[in-house]
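Can you make the complete structure from the sequences, with help from the hints?
Position 5 of the sequence shown, counting from 1, maps to 445 under our numbering, and the rest follow consecutively.
Take the hints with a grain of salt, since some may be wrong.
Stated by the list, open to error - What follows is a set of in silico ranges between Cβ atoms, one per label pair, in the way DEER data are often shown:
id, residue 1, residue 2, range
1, ILE525, SER660, 54 to 62 Å
2, THR602, PHE659, 29 to 37 Å
3, PRO716, GLN754, 31 to 39 Å
4, THR641, VAL486, 42 to 50 Å
5, THR663, ARG759, 23 to 31 Å
6, TRP637, CYS714, 46 to 54 Å
7, GLU552, ASN609, 17 to 25 Å
8, PHE614, PRO576, 53 to 61 Å
The set of hints was computed from the structure by calculation and includes no laboratory data.
Using N, Cα and C, we set each Cβ at its ideal position, and we do this for glycine too.
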Amino acid sequence: MDILMRACFYLSLVLCSLAQPDLELLKNMTRTEDFLQLMRKNGRPVTLSEIINSDEAREHVGGELSMSDLAQYDYCSPRYQCVVIPRYTDPNVIYYPPCTRVLRCGGCAPSEVLTCAPKQTSVKHVVVFKSTIPYPGSPSTDYEGLQLVNITQHDSCEPTCTVKPYHCNPLQSFIARECRCMCTNRGSVRCAPNQVWDEDTCSCKCAQTIDNCPGFSRFSDSTCGCELRQGVSGMTDEEIRNLLELAAQVTTPAPTTAAPTLPPLVLNLPNAPCRPLVPCPAGTTPKISTINGRCQCMLQFSFPRLPQLRRRRQALERRRLLRNAGRV
Numbered sequence: 441m442d443i444l445m446r447a448c449f450y451l452s453l454v455l456c457s458l459a460q461p462d463l464e465l466l467k468n469m470t471r472t473e474d475f476l477q478l479m480r481k482n483g484r485p486v487t488l489s490e491i492i493n494s495d496e497a498r499e500h501v502g503g504e505l506s507m508s509d510l511a512q513y514d515y516c517s518p519r520y521q522c523v524v525i526p527r528y529t530d531p532n533v534i535y536y537p538p539c540t541r542v543l544r545c546g547g548c549a550p551s552e553v554l555t556c557a558p559k560q561t562s563v564k565h566v567v568v569f570k571s572t573i574p575y576p577g578s579p580s581t582d583y584e585g586l587q588l589v590n591i592t593q594h595d596s597c598e599p600t601c602t603v604k605p606y607h608c609n610p611l612q613s614f615i616a617r618e619c620r621c622m623c624t625n626r627g628s629v630r631c632a633p634n635q636v637w638d639e640d641t642c643s644c645k646c647a648q649t650i651d652n653c654p655g656f657s658r659f660s661d662s663t664c665g666c667e668l669r670q671g672v673s674g675m676t677d678e679e680i681r682n683l684l685e686l687a688a689q690v691t692t693p694a695p696t697t698a699a700p701t702l703p704p705l706v707l708n709l710p711n712a713p714c715r716p717l718v719p720c721p722a723g724t725t726p727k728i729s730t731i732n733g734r735c736q737c738m739l740q741f742s743f744p745r746l747p748q749l750r751r752r753r754q755a756l757e758r759r760r761l762l763r764n765a766g767r768v
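Structure, rendered in structure tokens:
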């Protein structure tokens, strides 16, 4: 079964890669004619003149279609852009001009998984005026001289993968052809019916989560359900599940308009393990908390099957010990 799962997984990867256009071809496209080389109509290549002179083109523009009507591709390339001059740390020092224009990468990438990034850069030296403000509210500034400022300039640009190899976690490998991280353990992991596969963490996660677990319970990512927190109870998982099922069957009484009555206080019993600071109310008993070691009033759970479950656990433990002793 594991071999079959892995085979299906790798087959899905191959089919997915075949359905996507080659990113290397998209990276090298700079004109509309380059994109037309990928398109086919009824299995044959399509020319630009054929599309412009087609009836479909006339219907879209309500007449003859010309090259000027087609959107021009703003290819990823250097172009002059506004760059802020690095400011001095002292607020009283002024550089002028505050900004200038240098070559920086602009335009768009031909795919959502690609981004326009610089391929080659250089440092451009620009000269600015440096002056200082002699005092707050001064109508003039004091000339301090010229200042040489270094600004990074983009000499060439190219569409590159937005996701880089360092974005992948230890359970993933980087697929450069698809610009994505792929989980290497997907074919060997089988998720439970109430779980789904998470491609970001390469693990199974709960399809639904519960934010309002009752009482001392919390949501467990392993069982996708509410479980008692560690240290609150020494019961087994089976005992805890039965206790939660019993608590879920308790219905909330309908509200009444009668005046509320406080529960009667119960004096500390002589044989109690400890004595709390205040008397315990009805339905609770003084016990030493396993969390903070203090004497607190805790609820008394009525669970008739608890002794039977504990005896069953003890019997299973004795059988396991006997089997281990027989092997020795």
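Outcome of the hint check:
no., hint, in the structure
1, ILE525 x SER660: 54 to 62 Å, "56 Å, holds"
2, THR602 x PHE659: 29 to 37 Å, "34 Å, holds"
3, PRO716 x GLN754: 31 to 39 Å, "32 Å, holds"
4, THR641 x VAL486: 42 to 50 Å, "43 Å, holds"
5, THR663 x ARG759: 23 to 31 Å, "26 Å, holds"
6, TRP637 x CYS714: 46 to 54 Å, "50 Å, holds"
7, GLU552 x ASN609: 17 to 25 Å, "22 Å, holds"
8, PHE614 x PRO576: 53 to 61 Å, "55 Å, holds"
In terms of the numbered hints stated before, the structure departs from none.
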